[in-house]
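J.: Numbering (my numbering), first residue to last: 976 to 1590.
You may find that some hints are simply not true.
Said to hold, decoys possible - Under the rule of at most 20 Å between Cα atoms (straight-line distance), these lysine to any residue pairs were calculated in the SDA-like manner:
#, residue 1, residue 2
1, K1180, V1028
2, K1403, M1419
3, K1519, N1497
4, K1180, I1201
5, K1521, D1545
6, K1532, F1353
7, K1519, D1590
8, K995, I1181
9, K1311, Q1382
10, K1230, K1336
11, K1573, R1587
12, K1344, E1229
13, K1344, N1380
14, K1311, D1590
15, K1336, H1249
16, K1206, D1270
17, K1531, D1545
18, K1577, R1587
19, K1122, P1100
20, K1463, D1361
21, K1519, N1380
22, K995, A1019
23, K995, R1029
24, K1311, R1472
25, K1403, R1436
26, K1521, K1532
27, K1206, K1122
28, K1519, R1472
29, K1403, K1336
30, K1403, H1249
31, K1403, R1472
32, K1344, G1262
33, K1463, R1538
34, K1463, A1507
35, K1311, D1190
To be clear, the hints were calculated from the coordinates, so they are not data collected in a lab.
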Amino acid sequence: MSTIRLTMAQAVARFLTAQKTEIDGQAVPLFGGVWAIFGHGNVAGMGEALHGVRDTLPTFRAHNEQGMAHAAIAFAKASRRRRMMACTTSIGPGATNMVTAAAVAHVNRLPVLLLPGDVFANRRPDPVLQQIENFSDGTVSANDCFKPVSRYFDRIMRPEQIIPALQRAMAVLTDPADCGPVTLALCQDTQAEAYDYPESFFAEKIWVPRRIRPDDAELAQAADLIRHAKKPFIVAGGGVLYSGAEQALADFAEKHGLSVGETQAGKSSLAHDHPANLGAVGVTGTGAANALAEDADVVIAVGTRLQDFTTGSWALFKNPDRRIIGLNVQPFDATKHNALPLVADARVGLEELSRALGPWKAPEAWTGKAREEKTRWFDTAARFTDPTNAELPSDAQVIGAVQRNSQPTDVVVCAAGGLPGEMHKHWKALQPLGYHLEYGYSCMGYEIAGGLGVKMADPTREVIVMVGDGSYLMMNSELATSVMLGQKLTVVLLDNRGYGCINRLQRATGGESFNNLLQHTNHVTLPEIDFAAHAASLGAQAVKVKGIGELEDALKKARSAERSTVIVIDTDPLASTDEGGHWWDVAVPEVSVRQQVKAARKDYEAALAAQRVGD
């Protein structure tokens, strides 16, 4: 057997360069690069190794470990999970900073390879700098935090262990059902140790996603259930986009007269003006999609994990006889809510289900109701997004301005807070992947780093990041990275001076405004933050605008700019769209001295009666 002597870190770098995927008939690198912030736990090992392959596997330097991992995750999502990135950090805070990002990837079923440094395997300099010491377990390090938020975890304590570990890692990262974050904790002394690796370990390998076909019995059951349906309805999740099943979804809906509601991850599966698309479904849904979801007798859930925002906390689907068909590549998701599972790739599953249904179509009365509800919603929504002269516009009015100044190929990026709810209802996506929201983990601070990852995945598309002041203050450093890398973003920063979304929720559940908006915090003086000046200090072009008219002018200028632009606008923290949507289970205290809380508790108990627990 022919071998080559390399350090463990060099073997990792060389192995990653050999992994390929096939896109449009061409083999391309599976890994788009490695994000790295070096410290004592990885600079001598991984740092030296990555330098040696820098021409074939580019290394990118970020300013925050969580931010760089968010960028890697967004890159994978924008690449439909066909490509991905790796992230390496030192042991200690650099590693644990990535734990939040690992949870984002885990919840959203997105591949990212995390390579944190770890303690010395030989334990000679024990405890090493930044080592967490567990008084009762000598095998624990800070990297054990990654275990619950990784699909696969391994600690590499000998150089030859990396061979099976990387093979297992690739199996997880490229598996459509088990896809998610992989953490390989690399002991820092082991990174530098040499081993005679078999040359076959570094042979080029092309990873092509498998398309799981449905079981015959499950397919027959699903088709029979749909044939007997009077009010069938489709919920399209992120799996539609990961599978590249948008055309299959459109064909299925058109052929069989079905309407579609989109989850946050599934939005842009169909163009907003497609006759079958009723828009967002669930807690942040449109009146049209929710009207059909509430009355549906068969819900075809395609590529969705059916979380509580999609199902209205198990209370949205109100038809007492309703059944759910879980068309999903992951059995864990396909069987939720006592669903009839149809375990399959979304595209193949829809195509074979359509063939099994033959010429069957939903009743015309049901299809006609969908058309009426869609027209009614479009008329309603326009009232919230139309131009305004208000001094403090609402989030929806800002969204309307951005929409009017966007192009079909643009990608809008957002995460957490009140903006995703307004975006889900109002954004009119025209092309697949044009709507990129992180709402599975609802992670504040994802927005700018995520926008950078999206731009790196497809530099041909304009990327518009919409972010609130709260999220911006949590994490903004990758704005400087976008300038450094020449990856232009347009950032629209909505300043409502606090956490407006949670303030509204607080009041809706009977509480007094407290500790959310800046004016309601414990303070000596209120901060006057010059966001435009801050963004400019990071290298971006920046401007503060007054009102929707100035915002639209600034958006036009930003489109022709050569580097990232930040546009700051003050907004109303109390205004939100009070049409559409659905109840969401947020527990209200049973006991309180506040009459408002007592009233909210009474309403809450009444709403709980609509939940279908375990069904």
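J.: Does the structure break any of the earlier hints, and which numbers would those be?
T.: Violated: hints 2, 3, 4, 6, 7, 9, 11, 13, 19, 20, 22, 24, 27, 29 and 31.
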